[in-house]
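Student: Based on these hints, arrange chain F on the given structure of chain C.
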Amino acid sequence: MLPSVDMKKANNSIQAHNELQKAFSLGLIDSRREVPTGIVKSRGIISKKRFDVYRNNVMASLIEALAANYPAVQKLVGDDYFKALASIYIYSQPPSQPVLYEYGESFAQFLASFPGLVDFPYLESVAKLEWSWLSSFHSADDRSFDFSNEENRLGKPIGDCQFRPTKSVRLICCDYDVTGAYIRNTSANINCEIMRLYSSKKDEHYQDLAVGPAYYLFVRPDLSPELYCLDMAGFELFNELVRGKSLNEALVKAASKSTPNGELDAQEFLEKLFSSNTLVLSG
Amino acid sequence: MANCIKNWEKEQARAFVGVGLKSEHYNEILRDKPSLDFFEVHAENYMGAGGSPHAYLEAITESYPLSLHGVGLSIGGAGKLDRAHLQRLKMVHDRYQPVLFSEHLAWSTHEGTFFNDLLPLPYTSETLRRVCEHIDEVQQTLGRQMLLENPSTYIVFEQSTISETEFLSQVAQATGCGLLLDVNNVFVSCTNIGCTPEGYLHAFPHEHVGEMHLGGHAEDQDEFGSDFLIDAHDREVSDPVWSLYKLAISLTKGAPTLIEWDNDVPEFTRLYSEAEAARSYLQAFHRQRGNRHVA
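If you're matching them up, the sequences are chains C and F in order. Under this note's numbering, the first residue of the first sequence is numbered 1, with each subsequent residue one higher. Under this note's numbering, the first residue of the second sequence is numbered 1, with each subsequent residue one higher.
Source of the hints: derived by calculation from the structure; they are not laboratory data. Hints should not be assumed to be uniformly reliable.
[Stated by the list, open to error] Dumping the calculated DSS-like pairs for lysine-lysine here, alpha-carbon to alpha-carbon at most 27 Å:
#1 F:K90 x C:K75
#2 C:K83 x F:K22
#3 F:K80 x F:K22
#4 C:K22 x F:K80
#5 C:K272 x C:K257
#6 F:K90 x C:K167
#7 C:K156 x C:K167
#8 C:K75 x C:K48
Isolated chain C, as found in the complex (with noise of 0.2 Å):
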């Protein structure tokens, strides 16, 4: 049982302790702001430097949960300008919602508008792994298509069929190649693949850093999500299939929207396609 209570009193003192919180709030964020009126040491005695452990708190924990989202990004711009790039984002765009590993979704753009890195372009390519990565390792579990036992019960020509991606699976389109950069510098343990639909000799090695496009695929198959990167061909392949095609239609459309560098390997790439655990029989 709560206690009885006068009503316009109680609004008129919600209102109040609402009036506290935002100015608490805005004080932790903006160091310039007095210590909000009524917190003190002890009475009468106001001590900046001990609502300054709050702010510190406040913003320390942030900056460490965003660095915990892009370990690459911060290493390759290093810890001080991390910290000090994190805190503009953070003022400008701080979580709301308490799960922070989901906060910081649009650092990647926040990167590429960033003045001060018009000359680093391809980190917003190396977020952008980076958030994939994030998602993928927390994403739902799922089964993918097991060809290998289930191809017998299909009942028509495994082309025929519709396929969607496993709930782990990542599709990104980078404006730079950065699978080296990204893989060396991240602080997961990331297997990476190359597969094409059309492979040429030169393209069996992944880019460090290179004007793209480059396009990529996360997986879960179990625990750690892995790396793949596409030719524009298969990453063409993987929308069509999330549209609903067959998987005949998906690899037709697939060669007919792409420019194709090198030879047509479906057969290498389909196999690979269903070792990888990335797709889901659907239809």
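Tutor: Just chain F now, kept in the frame of chain C:
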């Protein structure tokens, strides 16, 4: 898991000791099965849809009871609770069916911004009412009793009209919630605001305590040259806090105790030895109590 809960309820009279579960220790725990009575996790770390966090937590809760500790509900907030977040909490709660669920007498969200810290509130009849409304909503949503933790603080509000212990007592009476007594927070707050920790503990409504926390704190000095403490969770429990813990054990009749170590996470053995120290204090209390009953 079901057996774990059964034993937990049956055996409250013995020393129950746990530690905060850290991802750095997952494999070691699963390999060595350390002799601990429960693990505690921050609920927000397990709100993702799937993957590694859940795989490990599922495996660990096969062998250990779980205590779920929320850090983001903002129970002391002036605004309404975030319903979407509360629903995510319910999903974690229902999936793992923890033996304990706790949250803080603090706020962390205001007008849609989450500050990721446990922020203090003034203690008045109005904030009391707001906190009670929020706890009612949490308990109704989860369908269980929750424990409310006393905060650590670095400042006081001149607006306050009720003491913290009286506030907690009235919250427990009005809502039926239990309390989580964080002994380190008592020491930190009392040092910072100039009251005696023993006096605070005696005034604390200990009959409602369902769990205790122990952790480490850091020392600092303000601009007036006064020492003050920061609730850092980054080191061993200090000697004065162990002394205070002995008093807390006798007042709470040996409530289950958790060691928190969230920053600069140490090797598991170092964390475990803190838990063993807590266990030895609890066992000494239960032995003495048993002897008294026999006599």
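Student: Hint by hint, which ones does the structure fall short of?
Tutor: 1, 3 and 8
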